[in-house]
Amino acid sequence: MATLLYRLGRGALRRRRLVVALWLVVLVVAGLAAATLRGPTASNFTMPGTESQRALDLLAQQFPAASGATGTIAVKAPGDGQLSSPQGRGVVQEIVQQAATLPGVVGAVDPFQVGAVSPNGRYALVQVQFATGADEVTDEQRTAYEQVGAAAEAQGWQVAPGGEVLGGEPEIGSTETLGVLVAAIVLIITFGSLVAAGMTMLNALIGVGAGMAGLFALSSVVELTSTAPILALMLGLAVGIDYSLFITSRHRQNLLDGLSPEEAVGRAVGTAGSAVVFAGATVVIALAGLAVVDIPFLTVMGLAAAGTVTVAVLVAITLQPALLGFAGRRVLPRRLRSVTADGTPANDADADRPVAAAPSEDRSGFGFRWARLVTRFRVPVILVGLLGLGLLALPTPDMRLALPDASTAAVGSPARVSNDLITEGFGAGFTGRLAVVVAGDTPQATSAAVPQVTALLQRTDNVLAVAPAQLSPDGRTALLGVVPKTGPTDEATETLVHDIRDSVGGIRDADVLLTGVTAIGIDVSEKLSDALPVYLLLVVGLSVLLLMLVFRSLLVPVKAALGFLLTVAATFGITVAVFQQGHLADLVGLDTPGPLISFLPILLIGILFGLAMDYEVFLVSRMREDFVHGESARQATISGMGHGARVVTAAALIMISVFGGFVFLEDPVIKSMGFALAVGVAIDAFVVRMAIVPAVMSLLGDRAWWLPRWLSRALPNVDIEGEGLRAELADRTPTHV
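Going by full-length UniProt numbering, the first residue of the sequence shown is number 1, and it counts up by one from there.
Hints listed in this document are in silico derivations from the structure and should not be mistaken for laboratory results.
Yeah, the Cβ is synthetic: ideal placement off N, Cα and C, and Gly gets one too.
Careful, some of the hints might be misleading.
Simulated restraints, written as ranges between beta carbons of each label pair [what the hints assert, rightly or not]:
| id | residue 1 | residue 2 | range |
| --- | --- | --- | --- |
| 1 | 366 | 177 | 28 to 34 Å |
| 2 | 29 | 198 | 20 to 26 Å |
| 3 | 461 | 78 | 46 to 52 Å |
| 4 | 57 | 592 | 29 to 35 Å |
| 5 | 587 | 384 | 23 to 29 Å |
| 6 | 541 | 65 | 45 to 51 Å |
| 7 | 473 | 139 | 48 to 54 Å |
| 8 | 120 | 86 | 14 to 20 Å |
| 9 | 177 | 473 | 50 to 56 Å |
| 10 | 177 | 413 | 21 to 27 Å |
Can you make the complete structure from the sequences, with help from the hints?
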């Protein structure tokens, strides 16, 4: 692999104008395709095979009028009892009439006819039925719906439209650009060169732009959830900057070692580029592996993010060497551009010629000092690291998963205002009503089953009310509304869903299915929870296998996998403490703590796995390289840390800043994803990889690199460190002069 990438890097530099032109063409074509072919994103999370989804499919076939999106308009009078007055009834009737005549609305239900009025006569609920699903409601229809009741509000009433119809795509604004700005500052400090920093950032932006444009172009044929593009942008930007950083850093070091620009680029792509390809492949495999859990919306999210990561890798190993060819020695700090490695002056005429190699290596930097400290106090470092991560992981067993509901939406948003008003007037159960579908082969069978189902529902604990059945035009399908006493994400509501399904399971001559937004959320969360251990086992097994191929060792992969598990546990613990339990929630701008989004843990495992292997490869591959070349195990550990600490630190800070920029968004789902990824990268890079890993490697000594002979013969040699490349180059004419 290293030899192939070495040739690719040199070829890209020689034909740099062609390479840049081709990537610009790709960017323009993808952008035009995205502008013309972009389709809508989905805000719902369907789960084929679950009872709630089967009920929705049945309604769509036999009761289309009840299968569309629903809205609930909460109305609050200025004082108690005013709804029963003629004036109050007139205000409510006007709201009902206005809602019923909205574009895309099938009808609106008068709250006085169905008893949706609070006992104190101050609150009322107007149910609105749309003809299509929430994802098919247009922006114009949604805007008109949000403006219902403007005249009543002018008279001192409070009118708050809400419901699933308000679900929309999270907006990306200016707040997350703070993360990109921080990343740019880190690059400038790391490189000491505006040219190197700007080139690295430009390379990453071109890659993420092409990847995102391609993703949106495909959205017309593939249904994307509203969070899929955000995840793809978040991950593509972070890895794009990091991968370009690794190659540029190795190229600069090669220049300082006396190589010509062309040779420096070739070796940088051959060595650091090999690690980039491997790291990117692990991220892509982990994300694509989400398809194993057989959850469609999660599969699409994983493949979307994997696509942007793939583009980031391709850009790093092709466009980056081309840009480095244009920059020449300007990628070095100004004080080093005109001085060769042995201190003699250089001029522009020597730009394409090799320069003398440095006589000795400076090992007084922070990375070397830190490595010596860690290896000296390796046992205390391991114990403190394990104890600290263990404490951070303590809240993890209390983790609860659910799909987001309006109770955790941003304060002041229309969905949150409506939710709070409904809870205030009627109780939390009215914000998460359930729907029971009764379907028989004949109208008579359905009519006979409905009273039985109603009686069973009324006798079930935690049921507040059961609404009268609505019949389909052919009489074969009935829809009953069930109001729980508790909110949609309460544990008691989850128990109620199971109790209802158990109680109606014995009904004969009719299918009885429970659905509704709340039931769908519970079904999705449970299926994801069941898939989590399987996916975690898959990822851990994959990490051991891949690292065994790379490092040709048994203990190094096991150590890496255990470190990854520590990272995941601690990250879950911190995220639960902040977003579920509410500790320090104000620091991240979280208005209301609640259960974590259902797909966050499994998504976090997939992404952190790739990033953890990224840092593991960049640090440990140099350790193995020096060990193979004759250094002792302890000295190889110090050398690997010394050479890699600065770059890995910069890479981790960049990822943390990019992910952290999404914490400032109002959407609690995106906020929790950005927070968890930023925390996970920080823990894995600074605690696990840069503290526990070198301490363990030093403790293991030569045993770290042991591999049975039979296994060594069976494993293919992927040559991530470029040993084959160095052997090939050693047979050529020396590059140094």
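Practice problem: Can you let me know if the beta-carbon spacing of residue 541 and residue 65 is within 45 to 51 Å? | Solution: Check passed, 49 Å falls within 45 to 51 Å.
Quiz prompt | Hint check for residue 86 and residue 120 - Cβ pair distance inside 14 to 20 Å | solution = The hint (14 to 20 Å, Cβ to Cβ) holds, given that residue 120 and residue 86 are roughly 18 Å apart.
Practice problem: Indicate whether the distance between the beta carbons of residue 366 and residue 177 respects the range 28 to 34 Å. | Solution: holds (30 Å)
Exercise. Could you check the hint for me, namely that residue 461 and residue 78 are 46 to 52 Å apart, CB to CB?
Key: The hint (46 to 52 Å, Cβ to Cβ) is violated, given that residue 461 and residue 78 are roughly 37 Å apart.
Self-check item: Pairwise beta carbon distance, residue 587 to residue 384, judged against the given window 23 to 29 Å
Solution: holds (25 Å)
Quiz prompt | Assessment of proposed distance window 29 to 35 Å (beta carbons of residue 57, residue 592) | solution = Roughly 33 Å apart at Cβ, these two residues keep to the hinted range, so it holds.
Quiz prompt | C-beta pair residue 29, residue 198: status relative to the range 20 to 26 Å that was hinted | solution = holds (25 Å)
Quiz item: Does the Cβ distance between residue 473 and residue 139 fall inside 48 to 54 Å?
Solution: Violated, at about 31 Å.
Exercise. Return holds or violated for the Cβ distance of residue 177 and residue 473 against the range 50 to 56 Å.
Key: holds (53 Å)
Quiz item: Okay, residue 177 versus residue 413 on CB: inside 21 to 27 Å?
Solution: Holds, at about 22 Å.
In terms of the numbered hints stated before, the structure departs from hints 3, 7, listed from lowest to highest.
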